[in-house]
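Trainee: Sequence:
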Amino acid sequence: MRLTRLLRPETVARAHCDVPCGIYDPAEALLAAKTVARMVELIDGLEGDDTAARNKFTRCVTVKEQHAEKVKKEVQVIWSDYFKPEHLEAIPDLHNKVWNLLKLAGKNKQNVDAAAAADLVAATHEFSDLFWSTNK
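In this text, residue positions in the sequence shown follow my numbering: the first is 94, and each later residue adds one.
There could be a bad hint or two in this list.
[Said to hold, decoys possible] Taking lysine-lysine pairs in the DSBU-like style, the calculated list, with each CA pair at most 35 angstroms apart, reads:
1. K190 - K202
2. K229 - K200
3. K165 - K202
4. K127 - K229
5. K127 - K200
6. K190 - K200
7. K196 - K149
Read the hints as simulated data drawn from the structure, not as lab findings.
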């Protein structure tokens, strides 16, 4: 028992491999963006001020913020690890599009805004399309 405790790592590291494995897919980012939009929809539809409504509100806000952060993480990994200079030649405004997408994800963490959530889904979908246009 002591030996296992001694050998157990104190820090757990998580990463999408920097090997690089070459396996990238923006599907998780898109699903996370859609989850943000759905949580905003649920929040906007909440009625009442009872404990159940407050609990649902709290859960929806938490999930919305977690998934907005997941959009950022997934997009950043693909942006930094997958895209190369030749991709930038083909998509000259890629950096600006990614920067705007990341800002939208941050805005969705800070607010409950259906238009911002829809914009996040659209921007993430566009990012996905750009990714797949380079990954044939």
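Trainee: All hints, please: hold or fail.
Mentor: Each hint, compared with the structure:
1. About 19 angstroms separates the Cα atoms of K190 and K202, which keeps this hinted pair within 35 angstroms; it holds.
2. As the CA atoms of K229 and K200 are separated by approximately 32 angstroms, the hinted pair is consistent with the 35 angstroms bound.
3. For the hint linking K165 to K202, the alpha-carbon distance of about 11 angstroms falls within 35 angstroms, and the restraint holds.
4. Pair hint K127 plus K229 holds up; C-alpha atoms about 25 angstroms apart against a cutoff of 35 angstroms.
5. Our distance criterion of 35 angstroms between C-alpha atoms is met by K127 and K200, whose separation comes to about 15 angstroms.
6. For the suggested pair K190 and K200, the alpha carbons sit about 15 angstroms apart, so the restraint of at most 35 angstroms is met.
7. Taking the CA atoms of K196 and K149, the gap is about 26 angstroms. The hint holds against a cut of 35 angstroms.
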